Amino acid sequence: MSRSPIRDLLVGVFVLSGLAALAYLSIKLGAATYSGPGGLVLYANFDEVGGLAKRSPVVIGGVRVGQVKKIELASDGSFRARVTMDVDQTLKLPDDTQAAVLTQGVLGNQYVGLSPGGSETLLKNGGEITYTQSAVVIERLIGKVIQSLGGSSSSEPSKPPAGGKSP
Amino acid sequence: MLELVRKFGWRSISIVHGLGGITLFGSRLAFETLAPPYRLRRLIDDVYNTGVLSLAIVCASGTAVGLVLGLQGYNTLVRFGAERSMGAVVGLSLVRELGPVLTALLVTGRAGSAVAAEIGAMVATEQLDGLRMMAVDPIDFVTQPKAFALFVSMPLLSALFIVSGLFGGYLVGVGLLGIDAGTYVSSLENNIDFRNDVLGSVLKSVVFGALVGLISTWRGFTAAPNSEGVSRATTGAVVQASVATLMVDYVITALWGVGV
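So the protein sequences, as listed, match chains Z and U.
Residue numbers for the first sequence follow numbering that gives the first Met the number 0, beginning at 0 and rising by one.
Residue numbers for the second sequence follow numbering that gives the first Met the number 0, beginning at 0 and rising by one.
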């Protein structure tokens, strides 16, 4: 078989480009979804976390500052969900910060939104966020709407809605 | 009736015989790969034949698949008003499934068949016997570099296929359908996970590379020493490697891919 330096070069280029593609896939696309600084571990108990999952984003004012580390049932017997978050440790969060489980759009992923309060004392590493707002579960909301509609329609059966068209 | 039973029994025995043979052959290949001498020269030549020469069709097919995924994904997503997640649809289907599987099928057709035919022709023209006469082990000298080249090329080709596909999806989504470029890329980046998606994809392509390498060299190596034998070996290599790829794909997906 004839040895040609061009062939070796092509093999080298092929291997390099293949490795570059692999690196792109694993570093750019597959990077653990939040790769910013962490270090500040916070806990929060929610009545309902809905579709929140490990690695869901933690957000302040739309900016990503951390991610959810763990979701488990609280060990104090209250049957609430205990969410462990890893947040950028350079943030100075007051201890009356609120945490809420929110949804991106109607069908989007769920995330934890933090809204800092005005307290002077700061949350320390391992601190607990006491003011929490649970996830809105759409099925329950729909159930409530149906219930209230059913209640009103049984009391006043055939009243058209206010502002209805009259031909 | 007795003839039928006899034929059935003979078929079963020959299948088990073939399975045993390919297992032993595979362990020989693995052993020769790990044990010196390392035939780097021959490996580079074979990577050229299997990898570099497959590059064009892999990239072209990848782009085409990405274009189609973009169009079809848009069609479905727009009914739910979710065309913002097109990046996720294109990316996840390429990384998790289409990339490794289609690359394996393409490489089987492009390179696996060539390997089987080349080794089969060597058997038919008694070149392997010639090597044995010179006390050169044909498994070590001929088949091992080819199988190993397929094994090495497959993950690289699969990654290139996926990247071309993402590019194709980008072309359709951003260029043709007017989805915002940032939306496409961020939906791509937010929804692909390293361990679940990328590692699973690499695992798949590595296993497929080993399978295609093993089956094509085995079929060539055991070809009947005549022209019909070579043609049967080539066909068999392509068919068996493709079917094995698809079946093993299910097993890997079931073991690795389910769950969050």
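Keep in mind that the hints were calculated from the coordinates and are not lab data.
Possibly wrong hints are sitting among the right ones.
Computed spacing ranges between beta-carbons, pair by pair [claimed, not checked]:
#1 Z/L72 with U/F193: 47 to 57 angstroms
#2 Z/G50 with U/A59: 33 to 43 angstroms
#3 U/G80 with Z/G60: 50 to 60 angstroms
#4 U/N225 with Z/S16: 54 to 64 angstroms
#5 Z/S3 with U/L23: 34 to 44 angstroms
#6 U/D179 with Z/G117: 45 to 55 angstroms
#7 Z/G50 with U/A34: 20 to 30 angstroms
#8 U/T22 with Z/G11: 45 to 55 angstroms
This one's a predicted model, so the numbers in the text were calculated from it and none came from an experiment.
Ideal Cβ placement from N, Cα and C applies to all residues, glycine included.
Do the hints match the structure? See the list:
no.	hint	in the structure
1	Z/L72 with U/F193: 47 to 57 angstroms	violated, 28 angstroms
2	Z/G50 with U/A59: 33 to 43 angstroms	holds, 39 angstroms
3	U/G80 with Z/G60: 50 to 60 angstroms	violated, 26 angstroms
4	U/N225 with Z/S16: 54 to 64 angstroms	violated, 41 angstroms
5	Z/S3 with U/L23: 34 to 44 angstroms	holds, 36 angstroms
6	U/D179 with Z/G117: 45 to 55 angstroms	violated, 37 angstroms
7	Z/G50 with U/A34: 20 to 30 angstroms	violated, 52 angstroms
8	U/T22 with Z/G11: 45 to 55 angstroms	violated, 35 angstroms
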